[in-house]
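Undergrad: If you want the building blocks of each chain, they are given just below.
Number of protein chains: 2
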Amino acid sequence: MPELRKDPVTGTWVVIATERAKRPSDFVKSGEKETDTKKGGFCPFCPGNEKSTPPEVFAFREEGTNPDEEGWSVRVVPNKFAALEPGVAPERHEDSLHETMNGVGAHEVIIETPEHEAAFPELSLEQMVRVVEAWKERYQALSTDKKIRYTQIFRNHGPEAGASLEHPHSQLIATPVVPKTILEELEGVHKYDTNFGKCIYCELLNRELLEETRIVYASAHFVAFCPYASRFPFEIWIIPRQHQEEFGEISSAQIEGLAGILKEITGRLRNTLQDPPYNLVLHTAPYGSDKMYHWHIEILPRLTKVAGFEWGTGFYINPTTPESSAENLR
Amino acid sequence: MPELRKDPVTGTWVVIATERAKRPSDFVKSGEKETDTKKGGFCPFCPGNEKSTPPEVFAFREEGTNPDEEGWSVRVVPNKFAALEPGVAPERHEDSLHETMNGVGAHEVIIETPEHEAAFPELSLEQMVRVVEAWKERYQALSTDKKIRYTQIFRNHGPEAGASLEHPHSQLIATPVVPKTILEELEGVHKYDTNFGKCIYCELLNRELLEETRIVYASAHFVAFCPYASRFPFEIWIIPRQHQEEFGEISSAQIEGLAGILKEITGRLRNTLQDPPYNLVLHTAPYGSDKMYHWHIEILPRLTKVAGFEWGTGFYINPTTPESSAENLR
Numbered sequence: 015m016p017e018l019r020k021d022p023v024t025g026t027w028v029v030i031a032t033e034r035a036k037r038p039s040d041f042v043k044s045g046e047k048e049t050d051t052k053k054g055g056f057c058p059f060c061p062g063n064e065k066s067t068p069p070e071v072f073a074f075r076e077e078g079t080n081p082d083e084e085g086w087s088v089r090v091v092p093n094k095f096a097a098l099e100p101g102v103a104p105e106r107h108e109d110s111l112h113e114t115m116n117g118v119g120a121h122e123v124i125i126e127t128p129e130h131e132a133a134f135p136e137l138s139l140e141q142m143v144r145v146v147e148a149w150k151e152r153y154q155a156l157s158t159d160k161k162i163r164y165t166q167i168f169r170n171h172g173p174e175a176g177a178s179l180e181h182p183h184s185q186l187i188a189t190p191v192v193p194k195t196i197l198e199e200l201e202g203v204h205k206y207d208t209n210f211g212k213c214i215y216c217e218l219l220n221r222e223l224l225e226e227t228r229i230v231y232a233s234a235h236f237v238a239f240c241p242y243a244s245r246f247p248f249e250i251w252i253i254p255r256q257h258q259e260e261f262g263e264i265s266s267a268q269i270e271g272l273a274g275i276l277k278e279i280t281g282r283l284r285n286t287l288q289d290p291p292y293n294l295v296l297h298t299a300p301y302g303s304d305k306m307y308h309w310h311i312e313i314l315p316r317l318t319k320v321a322g323f324e325w326g327t328g329f330y331i332n333p334t335t336p337e338s339s340a341e342n343l344r
Numbered sequence: 015m016p017e018l019r020k021d022p023v024t025g026t027w028v029v030i031a032t033e034r035a036k037r038p039s040d041f042v043k044s045g046e047k048e049t050d051t052k053k054g055g056f057c058p059f060c061p062g063n064e065k066s067t068p069p070e071v072f073a074f075r076e077e078g079t080n081p082d083e084e085g086w087s088v089r090v091v092p093n094k095f096a097a098l099e100p101g102v103a104p105e106r107h108e109d110s111l112h113e114t115m116n117g118v119g120a121h122e123v124i125i126e127t128p129e130h131e132a133a134f135p136e137l138s139l140e141q142m143v144r145v146v147e148a149w150k151e152r153y154q155a156l157s158t159d160k161k162i163r164y165t166q167i168f169r170n171h172g173p174e175a176g177a178s179l180e181h182p183h184s185q186l187i188a189t190p191v192v193p194k195t196i197l198e199e200l201e202g203v204h205k206y207d208t209n210f211g212k213c214i215y216c217e218l219l220n221r222e223l224l225e226e227t228r229i230v231y232a233s234a235h236f237v238a239f240c241p242y243a244s245r246f247p248f249e250i251w252i253i254p255r256q257h258q259e260e261f262g263e264i265s266s267a268q269i270e271g272l273a274g275i276l277k278e279i280t281g282r283l284r285n286t287l288q289d290p291p292y293n294l295v296l297h298t299a300p301y302g303s304d305k306m307y308h309w310h311i312e313i314l315p316r317l318t319k320v321a322g323f324e325w326g327t328g329f330y331i332n333p334t335t336p337e338s339s340a341e342n343l344r
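Sequence lines, in order, name chains A and B. For the first sequence, the numbering used here begins at 15 and goes up steadily by one. For the second sequence, the numbering used here begins at 15 and goes up steadily by one.
Just chain A, same shape as in the assembly:
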């Protein structure tokens, strides 16, 4: 089973997915590999092929249809090549240098539509609502597992963004430790709250609405903007107007709002940049956290390469101002 290892200097966690262990020849020219398409091939996410995935854990289905058969509109299944696995007892070992855990957690795929060729922004609002509802459903279901501390929901679009199957899908990975990025953000929020007695994300939102120059789209429940210190060209954050710590607290009205703004924003990206590759990542408070946070979504288009300078320093070079990105997307 997969193994978690922690870097002793920086605290970065790594999943060593030994099950999928690869030989050097597997990596040769891997950079040129294209997304597997249906062309002449087989798509495990298409209707009719339900038996080729692990059994579904959730689905929206027509009345009278059975699990792992046709008739679904959104279907959630464990990832066949899971980075982390449920149903095992956690084990942790530590010495003065190294910390390791077994790969307890979950790795699931949210198949967003039965239609292989559908473009995400062109899903109907009703269908997009179901996708967000499926995210919430699985997010909450996993919260009852006491071994799980955090659930990362994300969407990789395009091969350059790491998508290995073309059929529209998002994923979630639930981890037995709180990830480093979230710890850092919690620390940042805490520091601001200590200094100013306010939520920094609420303040950011107020400032963006006041300055207007980086706003891409604002609706009743959500605001989308290119952040002041955007790491990437056309980076977009979507933040709920209401101060809300955990994604699991999202209301029905907000789900409809999120579905609408996701359609709008991914559609604008698609039109403005001719269907660019991107990673969409949901940031939320860890389960049961008593620390201040404000959940949000970050969309990171993969238009520039992250290279030596970025890897060495954690500094980013962005050849485009967020102000001009926002203007182009408005």
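Keep in mind that a hint or two might mislead.
The list makes no distinction among identical chains, and a pair is therefore deemed to hold if it is satisfied within one copy or across any two copies.
No farther apart than 30 angstroms at their CA atoms in a straight line, the calculated lysine-lysine pairs in the DSBU-like style are these [stated by the list, open to error]:
hint	residue 1	residue 2
1	Lys65	Lys319
2	Lys160	Lys305
3	Lys94	Lys212
4	Lys161	Lys319
5	Lys194	Lys65
6	Lys94	Lys194
7	Lys194	Lys205
8	Lys205	Lys150
9	Lys205	Lys20
10	Lys94	Lys20
11	Lys305	Lys65
12	Lys212	Lys20
13	Lys212	Lys194
14	Lys319	Lys150
15	Lys205	Lys305
16	Lys212	Lys305
17	Lys277	Lys150
To be clear, the hints were calculated from the coordinates, so they are not data collected in a lab.
Mind docking chain B on chain A? Use the hints.
TA: Below, chain B alone, put in the same frame as chain A:
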């Protein structure tokens, strides 16, 4: 001129390179762009084309030859599209949310050989020594500029690793703030020293030499190994055996040793993985730091895609154990 902006939550710095501001159309299909090759084209780094780069700031040259003419073996020039620029007074502005600086610093290219087609591992040992000496020369020269806090030396190999020119070269970017990644590492070293009264990198080295399973190559002055919590397949760290805080302290004997192990390790990567793309990054203490550190080099092959999960969490999924990577490279 470029502008530095700091993310208020995480402290991540971004260089907004407004000079190179791009329109959406510049990004379309940018992922498919190949490295500019000499084929039918023009290489600004080849001998005879010295006037097409900014004037050189350092070179090893044949006696009697003039700057910015032929006759050099290694040549260092400012980057024509510099992310940061020298010779300006630093300005810093801060309010309760946003921190910004002008883009003071330096961005230079180390042209490693006059031969356009040369493979880095096949440079002669003598030539590789000159490359490392040029790194040290520029590293130290920039240390005298009081505006500069850190110099990042790095090497991007292959288009997937962000190299935009084929001619062998490395780069350096000198920054007016200490980068986040280095601050984190300094903190990790400090914590270990507080708890155990030892340098964590010295301890890691001892442990690797004792366990042997992750060692790739060990020489008199340096040890190369795949770290226990490797983020990437075939990730390799090269650490000096001697506890040494700053790269600038490297001795002549060590320079020869580093040249030798760089040739060896990049050669093995090239042979084992058929010339994979990689980022090579030098980690060192900031200039004038009084904190414990131990400089080293990290080589990060770009064989897997960094996707939504990694961007969201700072967690990495590595489909290969460092033990098997090391075995394949031995």
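Undergrad: If the cutoff is 30 angstroms on CA atoms, where do lysine 305 and lysine 65 land: within, between, both or neither? Let me know, please.
TA: For lysine 305 and lysine 65, the Cα distance exceeds 30 angstroms both inside one copy (42 angstroms) and across copies (58 angstroms).
Undergrad: Tell me, please, which holds for lysine 212 and lysine 194 at an alpha-carbon limit of 30 angstroms: within, between, both or neither?
TA: For lysine 212 and lysine 194, the Cα distance is within 30 angstroms both inside one copy (23 angstroms) and across copies (24 angstroms).
Undergrad: Between the shortest in-copy and the shortest cross-copy C-alpha distance, which are at most 30 angstroms for lysine 94 and lysine 194: within, between, both, or neither?
TA: For lysine 94 and lysine 194, only the intra-copy Cα distance (26 angstroms) is at most 30 angstroms; the inter-copy one is 36 angstroms.
Undergrad: Which holds for lysine 94 with lysine 212 at a C-alpha limit of 30 angstroms: within a copy, between copies, both or neither?
TA: neither (43 angstroms within a copy, 44 angstroms between copies)
Undergrad: As a check of your reading, is lysine 212 near lysine 305 (CA-CA no more than 30 angstroms) within one copy, between copies, both or neither?
TA: within (13 angstroms within a copy, 33 angstroms between copies)
Undergrad: At 30 angstroms max between alpha carbons, let me know whether lysine 319 reaches lysine 150 within a copy, between copies, both or neither.
TA: between (32 angstroms within a copy, 27 angstroms between copies)
Undergrad: Are the CA atoms of lysine 194 and lysine 65 at most 30 angstroms apart within a copy, between copies, both, or neither?
TA: This pair counts as neither: shortest intra-copy Cα distance 36 angstroms, inter-copy 47 angstroms.
Undergrad: Since the copies are identical, ignore which copy is meant and state whether lysine 205 and lysine 150 lie within 30 angstroms (CA to CA) inside a copy, between copies, both or neither.
TA: within (29 angstroms within a copy, 39 angstroms between copies)
Undergrad: Using 30 angstroms as the alpha carbon limit, work out where lysine 65 and lysine 319 are close: within a copy, between copies, both or neither.
TA: This pair counts as between: shortest inter-copy Cα distance 28 angstroms, intra-copy 38 angstroms.
Undergrad: Go through the copies and call it for lysine 205 and lysine 20: within, between, both or neither, with a Cα cutoff of 30 angstroms.
TA: So lysine 205 and lysine 20 pass the 30 angstroms test inside a copy (25 angstroms) and across (15 angstroms) alike.
Undergrad: From the Cα coordinates, with 30 angstroms as the cut-off, is the pair lysine 212 and lysine 20 best called within, between, both, or neither?
TA: Close across copies (19 angstroms), not inside one copy (33 angstroms); limit 30 angstroms.
Undergrad: Are the CA atoms of lysine 205 and lysine 305 at most 30 angstroms apart within a copy, between copies, both, or neither?
TA: both (11 angstroms within a copy, 24 angstroms between copies)
Hint check: violations occur at hints 3, 5, 11; the rest are consistent with the structure.
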